[in-house]
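Work the whole structure out from these sequences, hints included.
Residue strings, one per chain:
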Amino acid sequence: MDLLDLIDAVQSVADGVLFGATYALLGIGFTLIFGVMHKLNLSYAAASIGAAYASLLILAGIEAPAIFVFLMAAVAGGVIGGLVYLIAFKFIPLANPLATLMSTVGLLLLIDEIIVHSTAGVPLNYPALFSDVIIPMGPFNLRGDLIFVFALGCVCMVVLLLLLYRTKLGLATRAVSQQPIASELCGISITHVNVLTFVLTGVVGGIAGAMTGAAIGMLSPLLSLPLTVKGLIVTVIGGLGSIPGAIIAGLVVGGLENFFQFFRGVSERDLYIMLLLFAFLIFRPGGIFPTTAGRD
Amino acid sequence: MDFYFGLIQIIGVHTLLGLSAYCVLLTGQVSLAQAGFFAIGAYVAGMLTVIAQWPLVPALGVSALVAGATACAVGFPALRVKGLMLVVATVAFGEAVRLFFFNFTYQVQAGNIRLGPHGGEGFRQIRYFPENGWTTLDVMLFIWAVVALVMAGLWWLNRSRAGAVLRAVGEDELAAQSTGINITAVKISAMTVGGVIAGIGGGIFAHYTTHIEHVQFGVVLATFAIAYPILGGLSNVFGTLLAVIFIQGFLIEGLRFMGDWRNLLFGGLIVLAMNVRPRGLLDAGAMLALKRLFFSRKERSDA
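If you're matching them up, the sequences are chains U and W in order.
Numbering (the working numbering) for the first sequence: 1 to 296.
Numbering (the working numbering) for the second sequence: 297 to 599.
If you're looking for bench data, these hints aren't it; they were derived computationally from the structure.
Keep in mind that this is a model prediction, so the values were computed, not measured.
Here a beta-carbon is modelled for each residue, glycine too, at the ideal position from N, C-alpha and C.
Please note that the accuracy of each hint is not assured.
As the list claims (entries may be wrong) - Taking lysine to any residue and the SDA-like style, the derived pairs with C-alpha atoms no more than 20 Å apart in a straight line are: (1) U:LYS90 - W:ASN571; (2) W:LYS378 - U:GLN178; (3) W:LYS378 - U:HIS38; (4) W:LYS378 - U:PRO290; (5) W:LYS378 - U:ILE282; (6) U:LYS90 - W:ARG575; (7) W:LYS378 - W:VAL326; (8) U:LYS90 - U:PHE34; (9) U:LYS168 - U:GLU184; (10) W:LYS378 - U:PHE34; (11) W:LYS378 - U:LEU98.
Stated by the list, open to error - Listed next, with one range per pair, are the computed distances between beta-carbon atoms: (12) W:SER474 - U:CYS186: 25 to 35 Å; (13) U:LEU6 - W:GLY550: 57 to 67 Å; (14) W:ASP434 - U:ASN125: 44 to 54 Å; (15) U:ILE181 - W:ASP556: 16 to 26 Å; (16) U:CYS154 - W:MET583: 34 to 44 Å; (17) W:MET583 - U:GLU63: 54 to 64 Å.
Claimed, not checked - Part of the chain U face toward chain W, derived, beta carbon under 10 Å: (18) THR100; (19) LEU101; (20) GLY265; (21) LEU281; (22) ILE282.
Structure, rendered in structure tokens:
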């Protein structure tokens with residue numbers, strides 16, 4: 001391999017790491033919901049894509065600069081998150097994890113179909129910000145839209161971490177995820193925390209959906225299944241319940257994805273990511289940052 | 297009439313898929329790997345009848361063995377984790393199998409065409425049924441003979457000690473372990489049986505569709521596999537059958553007159569069903585009510 005190939009490889013890995021911010025945000029969402037409810041919300045990535053679509057719909061109605069699309073996606077994500085809780089979790093007994101698993105799968109299909117139905121299955125263009133900006137760094141070029149997506153992802157993560165570790169709401173959320181009964185005895189309303197977690201992760205998901213749209217340049221309902229799988233993989237590799245783990249795993253998975261795509265082609269790319277996950281499950285089942293055992 | 301025979305074939309094969317997930321779900325494990333075992337069964341059986349020119353039944357036997365062995369091998373690392381981790385691990389396995397077949401090419405020259413799986417283009421010309429003069433009715437009867445056999449086997453298993461052990465592990469692992477049950481062995485056995493059933497189902501699937509490709513075995517099929525037993529209820533095997541008829545017969549074929557709206561209703565009705573009957577359509581309560589309905593006269597005479 002000569003030098004030019006190496007530069008190309010590094011370039012594509014760097015692009016992947018920047019895009020990995022989306023995976024990181026989705027991984028955080030899965031981790032937070034699982035932490036609080038001990039339930040898997042499989043409709044999460046579909047809801048995120050749905051929020052991005054909703055933001056396009058709102059923007060088509062009113063005149064606003066393109067940056068508003070992200071704000072709208074966040075708002076729509078929050079609303080959809082609340083609805084997901086109401087439809088797929090509220091009325092199903094907590095002791096039955098299979099039922100909520102199935103109801104979120106139903107919701108995933110429903111959201112996908114609503115998107116297909118309302119857009120006639122045609123992928124929509126998504127406004128990319130700073131797509132004409134290219135920052136040269138020596139032999140490498142960093143794409144402006146990817147940098148923006150990455151920066152937005154980082155801001156989101158910082159805000160989320162501050163929210164979780166510096167506010168009362170965050171304290172309550174962490175309390176419920178560690179000991180639901182004890183926190184209820186301390187006067188924390190579990191339903192309240194659950195709803196708020198769903199809205200919060202919905203907002204994060206909406207931004208992640210908008211970031212995916214901006215980075216790829218278009219939106220399609222076909223994105224929701226791959227994003228679900230990638231988000232889950234990131235959650236497990238990072239360590240269930242660990243937010244820093246999800247961030248690192250998201251960036252690593254994004255980078256490795258492009259690495260394998262560069263060397264082995266697009267059709268084998270995901271195969272190696274799955275193998276990586278299996279390696280983690282066998283040698284380090286707790287992920288990068290395993291949660292400390294013995295809480296129950 | 298052939299349309300209805302075709303539909304009944306689909307229901308039969310999907311029942312096998314659902315039953316394979318049912319075995320694993322009985323032990324409380326959610327496995328999204330069933331589509332992977334199904335794919336292995338489909339490709340193995342297809343290659344045996346097309347390339348090696350085997351008859352169908354031994355080919356199905358081998359595909360069942362291969363899928364079962366794979367399930368057993370996957371069971372060891374995968375069942376060390378549970379809950380969400382197991383879901384993700386099995387999703388990853390299913391996707392890895394799918395991607396393997398996406399990149400898998402093994403063709404032989406036969407006359408002027410090449411036979412065998414060809415990567416992304418899939419595996420065409422699995423023409424065992426037409427070549428051997430099976431009509432749609434014959435195929436349907438064959439499929440349902442297999443389904444009946446498997447269902448009878450599982451029904452018996454359910455009522456035997458082994459079924460009680462499976463349920464014990466599913467209800468409470470800790471309690472099961474403290475009564476001396478080796479839970480890892482139980483889970484892996486359930487996984488293996490599930491793999492065998494999925495392998496048979498996949499082998500039949502390959503032969504009635506005549507063309508298989510990797511996209512058919514994705515996450516969606518895996519979700520359908522667990523959807524049937526969860527929607528139908530785990531109390532017995534007929535719940536799975538009922539759910540397959542509900543989904544394939546009613547939601548997919550029966551609502552065809554609704555055009556585009558059918559797909560919207562599909563997801564919505566699954567959500568609704570789970571909200572109304574969280575333990576499945578045919579749960580223990582419903583079974584009791586049915587029993588009372590059918591055996592009421594006998595009970596009265598006993599009393």
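Status of the hints after comparison with the structure:
Restraint check for LYS90 (chain U) and ASN571 (chain W): the C-alpha separation of about 9 Å stays at or below 20 Å, so the hint holds. Annotation: proposed proximity of LYS378 (chain W) to GLN178 (chain U) holds, straight-line Cα distance about 18 Å (limit 20 Å). Distance check on the hinted pair: LYS378 (chain W) and HIS38 (chain U) sit about 12 Å apart at the alpha-carbon level, within 20 Å; holds. About 15 Å separates the Cα atoms of LYS378 (chain W) and PRO290 (chain U), which keeps this hinted pair within 20 Å; it holds.
Between LYS378 (chain W) and ILE282 (chain U) the alpha-carbon distance is near 13 Å, which keeps this suggested pair within the 20 Å criterion. With a CA separation close to 15 Å, the supplied pair LYS90 (chain U) and ARG575 (chain W) stays within the 20 Å bound. Taken as a hint, the LYS378 (chain W) and VAL326 (chain W) pair is honoured in the structure, with Cα atoms around 8 Å apart against an allowance of 20 Å. With a C-alpha separation of about 15 Å, the suggested pairing of LYS90 (chain U) with PHE34 (chain U) holds against the 20 Å cut-off.
With a C-alpha separation of about 15 Å, the suggested pairing of LYS168 (chain U) with GLU184 (chain U) holds against the 20 Å cut-off. With a C-alpha separation of about 13 Å, the suggested pairing of LYS378 (chain W) with PHE34 (chain U) holds against the 20 Å cut-off. With a C-alpha separation of about 13 Å, the suggested pairing of LYS378 (chain W) with LEU98 (chain U) holds against the 20 Å cut-off. Our hint of 25 to 35 Å for SER474 (chain W) and CYS186 (chain U) holds, since their Cβ atoms are close to 32 Å apart.
A C-beta distance of roughly 58 Å is found between LEU6 (chain U) and GLY550 (chain W), which places it inside the suggested range of 57 to 67 Å. Distance hint for ASP434 (chain W) and ASN125 (chain U): a CB-CB separation of about 52 Å, consistent with the stated range 44 to 54 Å. The hinted range of 16 to 26 Å is not satisfied by ILE181 (chain U) and ASP556 (chain W), whose Cβ atoms lie roughly 47 Å apart. Between CYS154 (chain U) and MET583 (chain W) the C-beta distance comes to about 54 Å, which lies outside the given range of 34 to 44 Å.
Against the hinted window of 54 to 64 Å, the Cβ-Cβ separation of MET583 (chain W) and GLU63 (chain U) comes to about 60 Å, which satisfies the hint. At its closest, the beta carbon of THR100 (chain U) sits 8 Å from a beta carbon of chain W; the interface hint therefore holds under the 10 Å criterion. Here the hint on LEU101 (chain U) is kept, as its CB sits about 6 Å from the closest CB of chain W, short of 10 Å. Because the smallest distance between the Cβ of GLY265 (chain U) and any Cβ of chain W comes to about 9 Å, under 10 Å, the interface hint for this residue holds.
Interface restraint check: LEU281 (chain U) against chain W, minimum CB-CB distance 5 Å, threshold 10 Å, status holds. Against a cut-off of 10 Å between C-beta atoms, the interface hint on ILE282 (chain U) holds, since the closest Cβ of chain W lies about 5 Å away.
Hints 15, 16, counting from the list given before, are not met by this structure.
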